[in-house]
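Peer 1: With the sequences and hints as input, model every part of the structure.
Chains as they are written, first to last, in this note's numbering: chain A, 1 to 221; chain B, 1 to 208; chain C, 1 to 296.
Check each hint, because a few of them may be wrong.
To be verified - In silico DSSO-like cross-links for lysine-lysine, where the CA-CA straight-line distance does not exceed 27 Å:
#, chain 1, residue 1, chain 2, residue 2
1, C, K88, C, K109
2, C, K47, B, K129
3, A, K35, C, K168
4, C, K120, C, K109
5, C, K109, A, K103
As the list claims (entries may be wrong) - To spell it out: a stretch of chain C is covered by chain A in this simulated footprint if at least three of its residues, at any positions, have a beta carbon under 8 Å from a beta carbon of chain A; those stretches are:
#, segment
6, 66–73
7, 82–96
8, 102–110
9, 118–128
10, 252–259
Source of the hints: derived by calculation from the structure; they are not laboratory data. All C-beta atoms, glycine included, are put in the ideal place defined by N, C-alpha and C.
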Amino acid sequence: MSKSIYQRQIPLFLIAVIAGVFIVEYFLIPIDPLKALKDELLAWGVNMSAVAIIFGQVMLLIWHGRVLSRAGERKETRRRLFESGVFVGGFIAFGLLALSDPKTISGDLFTALYLAFVMKFSQGIGSCGWPAQVNAVFRMFKVTSLETLTIATVYIVTWLRYLTAFTAFVPGIVPVVDWIIAVPHAAAQRAGLIGSAVGAIIIGIRALVGKEPGLMEYEVT
Amino acid sequence: MTPAEIALVWIGSAISLFGLSFIWFGDSIFFAFGQQLYLGAACAYTFFTVWKGLSSSAFTPISAGRVTLIISLIVGALAFARLTRWRWAARYPVAILSGIGVGVTFGLTIRSQILVQISGTLTNLVQVKPDPISAILILIGTLTALVYFTYTREHTGNYGRIVKIGRLFLMASFGYILATDNILHADGLITLLQNLIRDPLKSIGIVW
Amino acid sequence: MLTLDDVIKKITYKRLATIILIVTCIPIIFPIGLPIPVSSQTTDFRKEIDALPQGSVVAFGFQMSNIGQIPQYGPGYQVITKYLASRKLKVVYVCVSDVSPLTVEDVIKSSGVEAAYGWKRGEDYVITSYIAGEETALASFASDVQGTVAADYYGTPASQIPLMRGLKTLADFQLAIASYGTFTFADMFARQWAGKYPSVPLIVFGMFGTVAAYYPSQVRGVLDLDRGGAEFEVLTRLPGAYSSRMDARNLFGFTLVILMLAGNIAYHQTVGMRRRVGAGFERAFFGREEKEAEKQ
Chain A
1 MSKSIYQRQI PLFLIAVIAG VFIVEYFLIP IDPLKALKDE LLAWGVNMSA VAIIFGQVML
61 LIWHGRVLSR AGERKETRRR LFESGVFVGG FIAFGLLALS DPKTISGDLF TALYLAFVMK
121 FSQGIGSCGW PAQVNAVFRM FKVTSLETLT IATVYIVTWL RYLTAFTAFV PGIVPVVDWI
181 IAVPHAAAQR AGLIGSAVGA IIIGIRALVG KEPGLMEYEV T
Chain B
1 MTPAEIALVW IGSAISLFGL SFIWFGDSIF FAFGQQLYLG AACAYTFFTV WKGLSSSAFT
61 PISAGRVTLI ISLIVGALAF ARLTRWRWAA RYPVAILSGI GVGVTFGLTI RSQILVQISG
121 TLTNLVQVKP DPISAILILI GTLTALVYFT YTREHTGNYG RIVKIGRLFL MASFGYILAT
181 DNILHADGLI TLLQNLIRDP LKSIGIVW
Chain C
1 MLTLDDVIKK ITYKRLATII LIVTCIPIIF PIGLPIPVSS QTTDFRKEID ALPQGSVVAF
61 GFQMSNIGQI PQYGPGYQVI TKYLASRKLK VVYVCVSDVS PLTVEDVIKS SGVEAAYGWK
121 RGEDYVITSY IAGEETALAS FASDVQGTVA ADYYGTPASQ IPLMRGLKTL ADFQLAIASY
181 GTFTFADMFA RQWAGKYPSV PLIVFGMFGT VAAYYPSQVR GVLDLDRGGA EFEVLTRLPG
241 AYSSRMDARN LFGFTLVILM LAGNIAYHQT VGMRRRVGAG FERAFFGREE KEAEKQ
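Peer 2: Below, the structure written as structure tokens:
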């Protein structure tokens, strides 16, 4: 069997067949065998996605493990060794903590420590987005045309609507912003949704006829 | 609160400051420590949570007689072939997942993102909601913004004028989205500051 | 002569961040308690819940992009959970992100619904395990509940959970709530839940801008994150953390608007001057050209 058959043609054929099952089941009256096949495929999708996630975590462990294994050869910087060491240490510590409790990750101690360390750091780093936005608004948001005037006006008016100190004195701004949401924003969002939907349908049709290798090849180099 | 719980609150506050320190001190040693600890702990947590998920979606049904799901686990495990010389085998789980993804979204994309949107726009016009001018503006905005997204024709002349109107609607939408996104990040900062100011004080009995 | 442009150039990225940080701390330390206007999307959100008879089953689709969102969105989950419990509704928490089960556990514990409303796991609420696959997970749950959730998060088989009996597809639920931290999930919920099962009303706890095009046809009500949560606390009279945060937003918002206006005034001053006087404006007004020549 030629390489291109089992490395390319069969996977493309699988994409087409599986997508075809779902599309036929959706557009024709859903008959029991097709619905059962569709449900089975969805269950496969859930399981395979879960295994893919485990694969991702294993790759992370392999990468950090490789860095630490080269420590003796002095091929890594001290900073990188520190980072990989903390990663592996954290993995082992929390892993052992979970294993030591019959409830594993639902245990009280694990939950308390996980929320204290992981959630708090995630919250801290998640709160780092605002300076870049403030800086951009401050330095780069220049009104030089009708379009930039539109975006700036809507930006300011929307901000003011969501400030209680402003709406307490100017409640009339609430229906103004509600109108902006219901009319120009909804219109633009509808256009975006229709446009992206057309693109998705084209990709779907190309997948059905086996002409979309991008659906599988970008993952494998 | 027990001393251990109080200690955890203060340690948690310090850890969140490690994350926030990125703004002023960049990728410092404290930030790196917090980051890698977060990633390592999250990696361990993910193993357990995915295992529990597989217990529910795979192992329990398999033990109840649904043996076809074994095939999904075997095919899913082919992803690990990427670490071997049979890397091409990793295309199979990707292909199956892509096929499922395309199939699941195809019909419902047509329904939710095209038909419902078109019918919503026309319903506004027919029922004159929220008012006549707004209904017409919604139709004009949707059509002109759609015209903006067609790249097969140059945006010049009368066509360009239509595109310019569409861009105004898009700019209004971007202004709203930008503002609400800024508000979201502002709320994240506010939440963090509230936690940093109030929680440690609350743990030692000072209620703000 | 110091111009606004010069002042703005002195405000570096870090100084700007420090100013905003200090300004935001003030209303947290000295809260005011201003009234919060309630929007129609929040009223619609509540209306859909109020329309349900006691004992109705709600599918609560739970997605978060990272665990750091718990402090920000947690009060919203708590007030929704408390309200659902107060209306004697039953809830299946559909966890479609890996941090969702831990978050739901934390929400149930911190909201106190078990003590306050007598909620029992398995009879009044169920927490599913993490269902991987994003849109595939949503489609799988909606199409085949028993097949996707063969056991709950604690390993109890679905056949032994009273609440799960009789739930085959999403059509067997009386209401669906979607909450997400990753904005692409807005379209996924709209497609797989509201699009496929239009008979089941879908309401959303998420950024309103992401679902504006689906409202009110496919999405019947929206709680717009912190602001919507604060409004919901006011509407339902279930006090929570959100109301105090609305005050703190004021100084941040006003400062940002002032900074934006200042930036534009400074820009147009410089640009306007350049246009009026031409190439020699620096020399005429500020003597900058001479200073730059001196430096060289």
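Peer 1: Each hint needs a verdict: does it hold in this structure or not?
Peer 2: Against the structure, the hints come out as follows:
| no. | hint | in the structure |
| --- | --- | --- |
| 1 | K88/C with K109/C | holds (18 Å) |
| 2 | K47/C with K129/B | holds (21 Å) |
| 3 | K35/A with K168/C | holds (13 Å) |
| 4 | K120/C with K109/C | holds (12 Å) |
| 5 | K109/C with K103/A | holds (16 Å) |
| 6 | 66–73 | holds (count 7) |
| 7 | 82–96 | violated (count 0) |
| 8 | 102–110 | holds (count 3) |
| 9 | 118–128 | violated (count 0) |
| 10 | 252–259 | holds (count 5) |
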